[in-house]
Amino acid sequence: MVEINSKIEPAQTNEIQSEPRSKSRQENKMQETNQVASLASVAAQTSRAINKFTPGSGFETKNVHAWFGKHHALADVSLEFPSNTVTALIGPSGCGKTTFLRTLNRMHEFIPGAAMAGQVILDGQDIYEPGTDVTKIRLKIGMVFQKPNPFPSMTIGENVLSGLRLAQLKRSNKEELMEECLTRAGLWNEVKDRLGAHGGSLSGGQQQRLCIARALAVKPEVLLMDEPCSALDPGSTLRIEETIRQLAGSIIVVIVTHNMQQAARISDYTGFFLSDGGPGQLIEVGTTNEIFSQPKDKRTEDYITGRFG
Amino acid sequence: MITSQDSLVPLTTYSGVIPEKRELTTRPRFSDKVFRAIVTSGGFTSLIILGLIALFLTLQSSTVFRQFGLHFITGFEWSQGDPESGAPAKFGIGAMLIGTLVVSMIGLMIALPISVGTALFINYYAPDWLRKPLTIMIDLMAAIPSVIYGLWGFFILMPHAVYWAKLLHKYLGFIPIFRMPSEIYERSPFIAGIVVGIMIIPIITAITREVFSQVPLDRVQAAYALGATRWTMIRAVVLPFGASGVAGGAMLGLGRAMGETVAIYLVLNLYFIPNFNILFSSGGNVASLIVSKFGESEDFELRALMAAGLVLFVVTLLVNFLSDLIVKRTARKGR
Amino acid sequence: MSTTNYLFDARPTKPWKINRQQLAINSIAFIVVLFLTPAVVAVSPLKGKLGAAVVLFTLATVMNIVISLRRQGTKTLTNSFATSLIYTATALVLLPLASLLFTVIDKGKESIRWNTFTADMRITQPDAPFTEGGALHAIVGTGIIVLIATLICVPIGILTALYLTEIKGRFEGFVRFLVQAMSGVPSIVAGLFIYTVLIVSLGLKYSGFAGALALSILMLPTVARTAEEVLKLIPNDLREAGVALGGTQWRTVAMVVVPAARSGILTAVILGIARVAGETAPLILTILGNTETRVNPANVPMAALPLYTFNLMKTGLNVAISRAWGGALILLILVLILFVTARLLGGRKRG
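Chains as they are written, first to last, in our numbering: chain P, 1 to 309; chain W, 1001 to 1335; chain C, 2001 to 2351.
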């Protein structure tokens, strides 16, 4: 018997020997509670002095709805994003969090049949006001996408400055700006010697940081991130999370993430979205610490403890 | 369950010897063999036809090439000769080749920007409901027979084109290609070029539109998210992505333009002198030469026409090959 | 599960769409430009249609820039200019198409009488009144030639497509390249080739059959490539299901794959016919033309619509040219019918 077992991998052996079925549930339960505690502790560790929102100064949404054709995808989201903070939007897939993010800089309207209602207010101005120059809006509210997408026809340096070219902005100290943005995105040291190389020659994580640098080069007030780490390995994810934390000192970051640990690690505020078959709604929002340690809504608790999603 | 000793036994019997790889082949049945043979031979019909075209045209025109050698391609004279005075026959398609190139290039220069513009319009400017009708209309343009383009070009376009040519000559006459040896504007390479250009627009537009529609959406959105206007987005994302596809489409259009026959025959004055004054009524075209001389030529001249056809065949094949190469290379790069 | 009623008083809006006020401004601007153009043409040295077009383009661009400046501020200059250029490019494509369709219909209907479809030109001079003679011989000729070309080409075209999709042999890429190369063969070369083989080498006479052979060379790549596209769309499950039921590959292809692609293959055939029905150049060298109605495709010169149009046009006589326009109209209608049929079939397939 011993001989036989020794041919099996040790981990497997342990599992087989020490796991009567009835016990496992209890353990799972324990793990769940542990998870809440751990997320809360993570959130507590990283919590900082949190800015209070002053109306009319920063970035907020009022009763935002979104439709795709007849499908009501998102309902009645009112959220405030205080300056110099990171807000994480979490929730199961299909809950409308990405749709919400895309209404924030008017990327939503690229989908045929899309419609919206409500207001998105930046510096006291509704960005959906008729007559608004949408390109200016997108300059102020930058975006980083799920998949790294540097422009393949441009070099690394050109990629960083591509926003200036695209928006036809004039700037004299381009070299300085390039270095500043790459530094803020945590990429400068890795690419400073090969700024002339093509963007595609970088690794996935580096490409994503290049995209962040590109978004920073037009000096946005808000940076939207749509699951920026979902296509990356853990190492790259860590680097990007550091970058996000550093960015929070100067701009508003709104990040959609599937990863609750990530939300706990990097955000100051967390909003929980959920759809129960109808349009997605914002169920609860609060400081990240609160959401992960003592959520007020039962559904939030169920989600962050892993009962569903 | 797994702890049961029996189920673990197979693991212990593992001998450490890797069994030989077994070939996974199905021996096709007789009917399948026949099927495969038929289909394969069908697949190679194109090769056979292309080979036969080359073979027969070469065989028939070999005497022409033997007699004139390279002069057949570089020579500017075309005469059956005169048995009475003893003047020898002289056949050279140099002027026709140059003319073919001039007309096709004019056509391409007109068609390319218009096609790219239209493809951009369909993909990025047109409202949703307009896209499909526009695409259909452009496909329809490709289906209209060339004799109709010739008819229209001669009776409808020519009067306008002569007027435009006069303007060009008046204001830009200092440029050599707009000079006029004498004031005859009808049936010029310029007019033939416009007609051919219109005829290849649908071909280039179709390919360009297809390439542009494959531009990755995330790149387009990234550009817009950086505050791009529609045009700056196109400059930074769409055009670099589609450049080689556009080049391939242009080459394909060029190949078509070079092989065009009756439409050019109707709107171009064939003349055996190379002419670069594109507004002047004198030009050349290999395909039209064949049509125009076919009815009245005999024996040796007929063989000369076959030789001309062979040259045209080889040239268009090369252009098509190049176009294919450009498109393939792009596809491999993955952009 | 009970569905919750979502009671939101929000209405979907599309703030990014052009609103009524902007639309009004745009329309007014467009009308102003339209009326301003003749005025500018009248006072400026620019004359004629070309001058008007240049003025129209310039005014439209300026107006476009003014409007977008008002809406979006600076830096829209290049964008507005590019927009104007791209709209102009599209107009430049549609203008000749519209002019061509209009002219063919307008001029073509003049010469068309009932006898156009019942009589041929056997005893009629090209410049005789329209009530005499007709295009029957040409219509019959085109019908027969295209029919034979289709019969020759379709099996080969489908076999080529099957080779590319079902056998996928070592030479798949090569065969695809050959088909591509064949589609670039100039039509005159195809005609010359058939002429060389049949009439010069084999000593046969000009005939409808020779014309059909030349057309089938031109038709093959269209049929093969379109059929390949269609066969590619047939899901692989279907093939596997056929083989898993114990069918041989031959039976699977013949009884499952090809029937599933039936309407698509029909589309391919129709597109191939539309491609060659209007070809003129190869017919000049192979069927020679005839003024009598001939049904026998062998040994006798035949007439065909494109050739009929071409030859009448060459006479330079006014009445004959009117007849040529009539031929062009019939040809155009034929091509249109084929084209629309192919579209409808193809469209239904794709849903």
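If you're looking for bench data, these hints aren't it; they were derived computationally from the structure. Heads up, a few of these hints could be off.
[To be verified] From the structure, some residues in chain C lie toward chain P, with a derived Cβ separation under 10 Å:
hint: 1; residue: Thr-2013
hint: 2; residue: Asn-2019
hint: 3; residue: Arg-2239
[As the list claims (entries may be wrong)] Okay, derived cross-link-like pairs now, SDA-like style, lysine to any residue, Cα gap no bigger than 25 Å in a straight line:
hint: 4; chain 1: C; residue 1: Lys-2017; chain 2: P; residue 2: Leu-101
hint: 5; chain 1: C; residue 1: Lys-2314; chain 2: W; residue 2: Pro-1133
hint: 6; chain 1: C; residue 1: Lys-2314; chain 2: W; residue 2: Leu-1318
hint: 7; chain 1: W; residue 1: Lys-1293; chain 2: C; residue 2: Ala-2042
hint: 8; chain 1: C; residue 1: Lys-2017; chain 2: W; residue 2: Tyr-1163
Just so it is clear, CB atoms sit at the ideal spot from N, CA and C, and this is done for glycine as well.
Going down the list of hints, with the structure as the test:
no. : hint                    : result
1   : Thr-2013                : holds, 5 Å
2   : Asn-2019                : holds, 5 Å
3   : Arg-2239                : violated, 33 Å
4   : C/Lys-2017 / P/Leu-101  : holds, 20 Å
5   : C/Lys-2314 / W/Pro-1133 : violated, 35 Å
6   : C/Lys-2314 / W/Leu-1318 : violated, 33 Å
7   : W/Lys-1293 / C/Ala-2042 : violated, 49 Å
8   : C/Lys-2017 / W/Tyr-1163 : violated, 42 Å
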